[in-house]
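Which chain is which? The protein sequence lines are V and F, in order.
Going by the working numbering, the first sequence opens with residue -18, and the numbers climb by one from there.
Going by the working numbering, the second sequence opens with residue 809, and the numbers climb by one from there.
In case anyone wonders, no lab produced these hints; they're calculated from the structure.
There could be a bad hint or two in this list.
Listed below are several chain F residues computed to face chain V (Cβ distance under 10 Å; list not exhaustive) [claimed, not checked]: (1) Ala829; (2) Ala831; (3) Asn840; (4) Arg865; (5) Arg867; (6) Glu871; (7) Leu907; (8) Ala912.
Below are the SDA-like pairs computed for lysine to any residue, each with C-alpha atoms no more than 20 Å apart in a straight line [to be verified]: (9) V:Lys90 <-> F:Ile878; (10) V:Lys90 <-> F:Arg865; (11) V:Lys(-4) <-> V:Gly124; (12) V:Lys90 <-> F:Lys902; (13) V:Lys90 <-> F:Glu866; (14) V:Lys90 <-> F:Leu869; (15) V:Lys90 <-> F:Glu871; (16) V:Lys(-4) <-> F:Val911; (17) V:Lys90 <-> F:Gln870; (18) V:Lys90 <-> F:Arg867; (19) V:Lys158 <-> F:Gln870; (20) V:Lys90 <-> V:Ser52; (21) F:Lys902 <-> F:Ile878.
Quick caveat, the model's predicted, so the values are computed rather than measured.
By construction, the Cβ of each residue, glycine as well, lies at the ideal position given by its N, Cα and C atoms.
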Amino acid sequence: MATTIRRASERGHAKHSWLETYHTFTFAGYYDPAHMGFRSLRVLNDDTIAPGRGFGAHAHRDMEIVTYVLSGQLEHRDSMGERHVFGANVIQAMSAGSGIVHSEFNASKTEPVHLLQIWIEPSAEDLPPSYQQFEFDPAEKHGKLRRIAGPTPDAAQRAAVIHQDAHIFAAVLDTGKTIRYPLASGRHAWVQVAWGEVAVNGEPLAMGDAIAVSDAPALTIAGTSGGEILLFDLS
Amino acid sequence: MATVVVVFWSRMGSTERLALAAAVGAVQARANIRLRWLREDVDETSIDAVPGWRENRERMLQEYIAPRDIDIEGADGLVLLSPSHVGPDAVEWKSFFELVERVASSKPKPAACGHSEFHQRMTGARLSLVSESPEDAGPDLPERSRLLGRCVAQACR
């Protein structure tokens, strides 16, 4: 078993008047050749955007971009004509493919929006751009892993379909609650703590921390004092 | 990687959509893009007289910055988009052309323009790919705009 812990405090950090952001991996003005990504997971940003502010129109290409709002409301507009305002318990997945232009703004004039943005490298270039968004019942992630994205449609529960052999799950764990996730041979897991405190295979992790696990038969994730995690199962 | 700057005049968002399409075309041709919106110099009373104008104007003020010297300095190519009733003599375009002249780089820039008159103003441009007004080009306007962006990005290589 190989595990690596990425502590919250070791991440890249930038604080602007309108944005506070932590980069788990190299991004924008933060460059660290030792942290360029993990398997197909290329970017994991923890952004807090001030009321009414945001990212103006900008382009993406060849990237699967999943946005997971933790609190507040985000407004999205793009070159495909999509225009949405969404908050927590909504999955937004955008396949940039051959090219898209979009903007993201805090839809509130009074409250910040806090989100995790995930970029996964697609398995192929020049795919047709697409947009997916759906809401789920938070009970579905309470005490269990709720798949939010994967490479194929899930008949039982809607999940975003992404062009990569990567699965993303969300779970909220109460104090003392433990869940187990079997990791198939040759697969790699990344667990990101969105908030709270958890332990993964006995390793204590706090908000913003993450752990990479490879060559292990399973992950045991315990809600030490309660928290929310995202689990990535990657090829 | 080439940088294409898409400069547009838009009041209610229809030319903005064409600018987005042009930007997508440039991205498809693997260019970096910058979208720059020309601020319309207009009095507050006029804005409030048109339903939806203020809301759209405030949104675009938030989403786009105006063209800056460094945008032109850093541009390998330009795409200019304007509604057919807003020609290159409009005060917003005039100040844009002044900006271009002020920072005119030694390197001629491929450009695509909406009007033939725009083409004439872009004296530094190496070529102009389209000379008719995009507003008059029919229902496939977003597609034509995308191709404009794509052509400029390819010409920049």
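Structure-based check of each hint:
1. Ala829: Holds, because the Cβ-Cβ distance from F:Ala829 to chain V comes to roughly 7 Å (cut-off 10 Å).
2. Ala831: Hint on F:Ala831: holds, closest Cβ of chain V at ~5 Å, below 10 Å.
3. Asn840: OK, holds: F:Asn840 within 10 Å of chain V, min 7 Å.
4. Arg865: violated, 15 Å
5. Arg867: holds, 8 Å
6. Glu871: holds, 5 Å
7. Leu907: violated, 19 Å
8. Ala912: Interface hint status for F:Ala912: violated (26 Å vs cutoff 10 Å).
9. V:Lys90 <-> F:Ile878: Cα-Cα ~31 Å, so violated.
10. V:Lys90 <-> F:Arg865: Cα-Cα ~17 Å, so holds.
11. V:Lys(-4) <-> V:Gly124: Violated, at roughly 34 Å.
12. V:Lys90 <-> F:Lys902: Judged against 20 Å, a Cα distance of about 35 Å means the pair is violated.
13. V:Lys90 <-> F:Glu866: The hint holds at about 13 Å.
14. V:Lys90 <-> F:Leu869: holds, 15 Å
15. V:Lys90 <-> F:Glu871: holds, 15 Å
16. V:Lys(-4) <-> F:Val911: violated, 32 Å
17. V:Lys90 <-> F:Gln870: At roughly 13 Å apart (the allowed maximum being 20 Å), F:Gln870 and V:Lys90 satisfy the hint.
18. V:Lys90 <-> F:Arg867: Measuring from Cα to Cα gives roughly 13 Å; hence the hint holds.
19. V:Lys158 <-> F:Gln870: violated, 44 Å
20. V:Lys90 <-> V:Ser52: holds, 14 Å
21. F:Lys902 <-> F:Ile878: Holds. F:Lys902 to F:Ile878 sits at ~18 Å (cutoff 20 Å).
The structure does not agree with the numbered hints 4, 7, 8, 9, 11, 12, 16 and 19 stated previously, though it agrees with the rest.
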